[in-house]
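J.: In order, the protein sequence lines correspond to chains A and B. Numbering-wise (the numbering used here), the first sequence opens with residue 240 and increments by one. Numbering-wise (the numbering used here), the second sequence opens with residue 148 and increments by one.
There could be a bad hint or two in this list.
If you want the footprint, here are the derived chain B segments under chain A, 3+ residues with CB under 8 Å [as the list claims (entries may be wrong)]:
#, region
1, 177 to 191
2, 211 to 223
Dumping the calculated BS3-like pairs for lysine-lysine here, alpha-carbon to alpha-carbon at most 27 Å [what the hints assert, rightly or not]:
#, chain 1, residue 1, chain 2, residue 2
3, B, LYS198, A, LYS472
4, B, LYS217, B, LYS281
5, B, LYS167, B, LYS219
6, A, LYS472, B, LYS219
7, B, LYS217, A, LYS488
8, A, LYS577, A, LYS488
9, A, LYS493, A, LYS540
10, B, LYS281, A, LYS495
11, A, LYS455, A, LYS493
12, A, LYS469, A, LYS345
13, A, LYS472, B, LYS217
14, A, LYS493, B, LYS183
15, A, LYS567, A, LYS577
16, A, LYS493, B, LYS217
17, B, LYS219, A, LYS469
18, B, LYS167, A, LYS495
19, A, LYS469, B, LYS198
Don't read these hints as lab results, they were simulated from the structure. Owing to the predicted nature of the structure, the values given are computational and were not obtained by experimental measurement. Glycine is no exception: its CB is placed at the ideal position from the N, C-alpha and C atoms.
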Amino acid sequence: MRLYRLGEIPWQETQGIYHALAELGQEAVIICRPAGKYVCLGYHDDFNQEINSEYCQQNNIPLIRRETGGGVVLLDKDQLFFQLILRNDSPLLRGRRDRFFSTFLKPAVETLRDYGLNAAVQNPADIVVDGRKISGNGAGDINGYAVYIGNILLDFDRRAMSDLLKTPSAIFREHTRLSMERHLTTLKEELREMPFMADLEERLAGHFTALLPELKPAVYSGELQTLAQKTAKRLMSPDVLQLPGRRLKARQVKIKEGVFLRSHNYRDELGRTGTAILLIDNNVIRWLECSGMDYFTSQAKLLLSEYLVGVTLRQEDIRCVIKCWQDKAANLDLDSIKTETLTQWIIEGIS
Amino acid sequence: MSQYNTPGELYYTQDHAWIKVEDGKIRIGVSDFMQKLAGEITFIRIPRANKSLAAGATLCSIQSGKWAGKIKVPMNGTVVEANSELTTNPKLLNEDCYASGWICVMEPENLEAGLVGLLHGEEADRFFTEEHAKHSKPE
Numbered sequence: 240m241r242l243y244r245l246g247e248i249p250w251q252e253t254q255g256i257y258h259a260l261a262e263l264g265q266e267a268v269i270i271c272r273p274a275g276k277y278v279c280l281g282y283h284d285d286f287n288q289e290i291n292s293e294y295c296q297q298n299n300i301p302l303i304r305r306e307t308g309g310g311v312v313l314l315d316k317d318q319l320f321f322q323l324i325l326r327n328d329s330p331l332l333r334g335r336r337d338r339f340f341s342t343f344l345k346p347a348v349e350t351l352r353d354y355g356l357n358a359a360v361q362n363p364a365d366i367v368v369d370g371r372k373i374s375g376n377g378a379g380d381i382n383g384y385a386v387y388i389g390n391i392l393l394d395f396d397r398r399a400m401s402d403l404l405k406t407p408s409a410i411f412r413e414h415t416r417l418s419m420e421r422h423l424t425t426l427k428e429e430l431r432e433m434p435f436m437a438d439l440e441e442r443l444a445g446h447f448t449a450l451l452p453e454l455k456p457a458v459y460s461g462e463l464q465t466l467a468q469k470t471a472k473r474l475m476s477p478d479v480l481q482l483p484g485r486r487l488k489a490r491q492v493k494i495k496e497g498v499f500l501r502s503h504n505y506r507d508e509l510g511r512t513g514t515a516i517l518l519i520d521n522n523v524i525r526w527l528e529c530s531g532m533d534y535f536t537s538q539a540k541l542l543l544s545e546y547l548v549g550v551t552l553r554q555e556d557i558r559c560v561i562k563c564w565q566d567k568a569a570n571l572d573l574d575s576i577k578t579e580t581l582t583q584w585i586i587e588g589i590s
Numbered sequence: 148m149s150q151y152n153t154p155g156e157l158y159y160t161q162d163h164a165w166i167k168v169e170d171g172k173i174r175i176g177v178s179d180f181m182q183k184l185a186g187e188i189t190f191i192r193i194p195r196a197n198k199s200l201a202a203g204a205t206l207c208s209i210q211s212g213k214w215a216g217k218i219k220v221p222m223n224g225t226v227v228e229a230n231s232e233l234t235t236n237p238k239l240l241n242e243d244c245y246a247s248g249w250i251c252v253m254e255p256e257n258l259e260a261g262l263v264g265l266l267h268g269e270e271a272d273r274f275f276t277e278e279h280a281k282h283s284k285p286e
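Kindly generate the complete structure, drawing on both the sequences and the hints.
T.: Next comes the structure, spelled out in structure tokens:
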């Protein structure tokens with residue numbers, strides 16, 4: 240199995256390389272980082288739902304789609320990438336594909352531990368340091384090969400990440416940024432200084448070699464580079480970027496494994512509209528804010544938030560809490576709205 | 148195989164799709180083995196109707212967790228119908244993979260030739276037995 244240690248390479252090639260190697264049928268580990276900033280969509284992300292293309296154009300941030308899972312990410316030179324290509328019948332792959340993440344992520348976890356960090360895999364595919372995400376990962380089937388990809392964040396521009404996502408409102412965008420501040424971390428923040436990239440790469444390569452002793456250094460040939468560029472060009476084409484993707488009823492941004500920010504539209508029997516922004520952590524409402532719902536008094540909205548925080552996002556639990564809220568706030572003119580309407584709003588939103 | 152439902156009248160591909168012959172056309176879906184291996188399937192990009200596809204090209208792709216899997220076209224032909232219900236309800240692929248979880252119907256260029264490369268009967272049983280042994284070995 241080949242080990243490509245590429246250092247900094249043109250951004251397109253950081254995606255093109257592993258697709259190209261899978262197309263060539265080569266098992267390999269690649270360690271690299273992009274020379275520039277770009278946005279990468281997961282294979283099944285819906286471009287029109289996810290991307291604020293105006294922002295990307297204005298800021299000259301190019302886009303590409305990868306053929307692996309996971310969501311939209313902002314990638315740049317302050318991230319170190321690691322990628323693994325395995326034959327589908329590799330003895331390393333057993334059972335469900337997501338179970339291999341824990342093995343694939345070991346070298347990155349060990350590397351972070353070398354720096355004294357409390358790093359661990361959060362199933363199925365995040366690496367966290369004291370509960371905060373420091374590495375995002377994905378996987379997929381490319382040309383019958385199992386491909387696993389990941390990164391380590393040395394630094395991360397959360398504002399740019401929240402700005403490049405299509406969001407229903409400025410408030411939602413700001414909460415996206417704040418949630419990433421809370422739930423994401425970087426090596427720079429953990430160590431209070433930027434680590435030396437060369438040292439980080441050396442350690443990561445060492446841990447991959449320990450996991451896969453058959454790894455042999457390989458040269459990034461001109462031929463392979465040309466193929467990586469050609470593959471990247473295909474992945475950047477409008478046809479590929481605009482492939483239909485997964486569309487959800489409510490706008491949702493995944494912050495890390497299990498943590499989502501969601502925007503739930505409201506429309507009641509009286510035709511009144513509004514929105515709730517919810518932070519969901521392992522299916523429990525951790526935070527909720529209503530906007531554009533001035534027909535509810537401030538007191539009623541505050542009470543709703545108090546009642547719902549800590550409640551599991553389950554039909555019967557939410558219905559029970561909503562009923563209590565309506566009873567408690569009877570003097571706030573809520574009894575004209577059906578409990579079911581309010582429950583549906585909190586569970587999934589009302590289009 | 149008792150661990151997996153593998154109806155004997157169906158044909159199978161090496162990437163775990165099933166094929167049912169219906170009046171000269173083929174109906175395609177994912178096998179019970181595949182849906183169990185994938186876990187909860189949260190999305191499928193179904194093929195477009197009227198699209199001509201070559202054997203080995205990507206027929207459709209599925210998402211489960213952070214894994215993006217693909218199913219290949221089993222034989223040259225044209226997609227005549229796709230199960231749009233799966234777009235809003237991909238759970239059918241897990242819950243009812245041989246019936247309401249079907250993916251598409253194709254009109255093959257040459258059905259007889261196309262079936263030659265597929266697994267059927269005892270050959271399919273052996274294949275699934277080997278696949279099960281491979282994936283159930285301790286990690």
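J.: All the hints need checking, so say for each whether the structure fits it.
T.: Outcome of the hint check:
no.	hint	result
1	177 to 191	holds (count 5)
2	211 to 223	holds (count 7)
3	B/LYS198 x A/LYS472	holds, 24 Å
4	B/LYS217 x B/LYS281	holds, 20 Å
5	B/LYS167 x B/LYS219	holds, 15 Å
6	A/LYS472 x B/LYS219	holds, 23 Å
7	B/LYS217 x A/LYS488	holds, 25 Å
8	A/LYS577 x A/LYS488	holds, 21 Å
9	A/LYS493 x A/LYS540	holds, 25 Å
10	B/LYS281 x A/LYS495	violated, 32 Å
11	A/LYS455 x A/LYS493	violated, 37 Å
12	A/LYS469 x A/LYS345	violated, 31 Å
13	A/LYS472 x B/LYS217	holds, 21 Å
14	A/LYS493 x B/LYS183	holds, 25 Å
15	A/LYS567 x A/LYS577	holds, 15 Å
16	A/LYS493 x B/LYS217	holds, 24 Å
17	B/LYS219 x A/LYS469	holds, 23 Å
18	B/LYS167 x A/LYS495	violated, 41 Å
19	A/LYS469 x B/LYS198	holds, 25 Å
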